[in-house]
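Student: Residues per chain, in single letters:
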Amino acid sequence: MADGIRVKDLNAWFGDVHVLHGIGLAIAPKAVTAIIGPSGCGKSTFIRCLNRMHEVVPGARVSGTVLVEGEDLYAPGVDPVEVRRKIGMVFQKANPFPTMSVFDNVAAGLRLAGVRNRAVLNDAVERALTHAALWDEVKDRLDRPGSSLSGGQQQRLCIARALAVGPEVLLMDEPCSALDPIATAKIEELILELRKDLTIVIVTHNMQQAARVSEATGFFLLGELVEFGVTRALFTNPRDTRTEDYITGRFG
Amino acid sequence: MTARRRRWVNVVMAALTALAALGTILPLLFIFGFLVYQGASAINLDFFTRLPKPVGEPGGGMANAIAGSLILIALASALGLPLGILGGVYLAESRERRLPWLIRFVADVLNGVPSIVIGIFAYTVVVLSMRRFSALAGGVALAVIMLPIVLRTTEEMMRLVPASLREAALALGLPEWKVIVRVVLPTARAGIITGVMVAIARVAGETAPLLFTAFGNRFWHQRLDQPIAALPLQIFAYAISPFDDWHRQAWAGALVLITLVFLVSLAARIATRGRYSAVR
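Going down the list, the sequences are from chains A and B. At position 197 of the first sequence the residue is numbered 197 (this note's numbering), and the sequence of numbers has no breaks. At position 254 of the second sequence the residue is numbered 254 (this note's numbering), and the sequence of numbers has no breaks.
FYI, nobody ran anything at the bench for these hints, they're computed from the structure. Be aware that one or more of the hints could be misleading.
Stated by the list, open to error - Derived, one-sided and incomplete: chain B residues facing chain A with beta-carbon distance under 10 Å: (1) R98; (2) L165; (3) E167; (4) A171; (5) P175; (6) E176; (7) K178; (8) V183; (9) R189; (10) R269.
Unchecked claim - Okay, derived cross-link-like pairs now, EDC-like style, lysine to aspartate or glutamate, Cα gap no bigger than 16 Å in a straight line: (11) K93(A) <-> E167(B); (12) K30(A) <-> D72(A); (13) K53(B) <-> D245(B); (14) K93(A) <-> E174(A); (15) K178(B) <-> E82(A); (16) K196(A) <-> E174(A).
Heads up, the beta-carbon is just placed ideally off N, CA and C, and yes, glycines get one too.
Whenever a hint applies, use it, and build me the whole structure from the sequences.
Tutor: As structure tokens, this is what we get:
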């Protein structure tokens, strides 16, 4: 992961609606990149293009290139299933599988990929839960339903589930927007821990959060990337007046 | 509106809705009570173990009809459930528009076709080509009745599974078929089972489509290409007979039929109860 992710001239559509216009940026490896912008500006669509989840929606289309380790995710012959194993995703609303226990939720990715060995699974589950800072809270109730945990724990369970398959990149789509400040603080702490091993891209509505956790920030508006740069610089000395208006709360 | 008046209206409306809810289950309670009153006296060990006696002789039982109904239901399920459930998966998951629309429309029409017409269909297709009445023909007729119910409930229940769960599974790098088999179907399981139970309960009591397919049989069932007895047929034959003893047995048969449906639903629910299922 020396190269990180290079996005070139990325366009995305829902049916006839053109939602992303020629996005180009470079995401640094083993760092946190934040994407900010008002609702409907295309930030979620953008990160869903990074693991080929955008095309899951009927009528959705993508053009352009997304290079991960120099390989284009959208080259012909690339299997989206393989892409998603390397690039994990955490969603806005915690979505543990309701029919599975805590353990089974975390093991789901490996098990469904064919891993049967109990010792391997046990080990992977413990590692992922520890990594997601949840192990101490749930180690005594691994067989309880995943949905029995609190909201913040469920979100960390989803992070553990994504980590268990060993991705190199973790995409987070407003992972804290449904959580209280304490749970949010835990997830942010976790993000700072995870960036030692992973490339993280996080979409957030919360500008303080972007400032706290990220090295680089991109500001999206109406499907365009208005500004992209070092987080501190973007927040203290924005180059574009639209960015300035947004971060100072004058619109959006 | 004063608070007093609002409270008063609240009490009245709450009572009315409770009364209406009670009213909907009242018919079932009456039917059950009436069946017990009329038929309980004819229920004894013989009823479950003996064949019917010749005309005019008292005693005997409906063992062959009970077994026949169970065989017919099993046969109809074996034919109808795989087709209905797999078809429902297609309807829920397909990205096509026209074909699913057409199938849905035809299934809804099929659901409204009178069961005797479906009996005629099975008669034409199976009975005429085999040149005999048979358990198989009865099973086919019942399966056709089950199909649209199972098809549509499977589809509806799968659609109730939140899109966020599919996305979570896809984002883990699961191929689409595993997302369906390991995540969507288990989540929708309880709802699909309810649909299956409704379908089974529906066909267990069907009489008309069996009249000229399964035909009925006064003796033990031999092979699937032979006529077979069924509880609804036996009840029908006994109810229109002139003998008091047979009338009593018809009531008892109806009681057994209802109890059977009740037990099958209950057993299936208990046997397939997931630890934590989402859609109920």
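Student: Are the hints correct? Go through all of them and say.
Tutor: Quick rundown of the hints versus the structure:
no., hint, result
1, R98, "14 Å, violated"
2, L165, "6 Å, holds"
3, E167, "7 Å, holds"
4, A171, "4 Å, holds"
5, P175, "5 Å, holds"
6, E176, "8 Å, holds"
7, K178, "5 Å, holds"
8, V183, "6 Å, holds"
9, R189, "8 Å, holds"
10, R269, "16 Å, violated"
11, K93(A) <-> E167(B), "11 Å, holds"
12, K30(A) <-> D72(A), "19 Å, violated"
13, K53(B) <-> D245(B), "11 Å, holds"
14, K93(A) <-> E174(A), "8 Å, holds"
15, K178(B) <-> E82(A), "14 Å, holds"
16, K196(A) <-> E174(A), "21 Å, violated"
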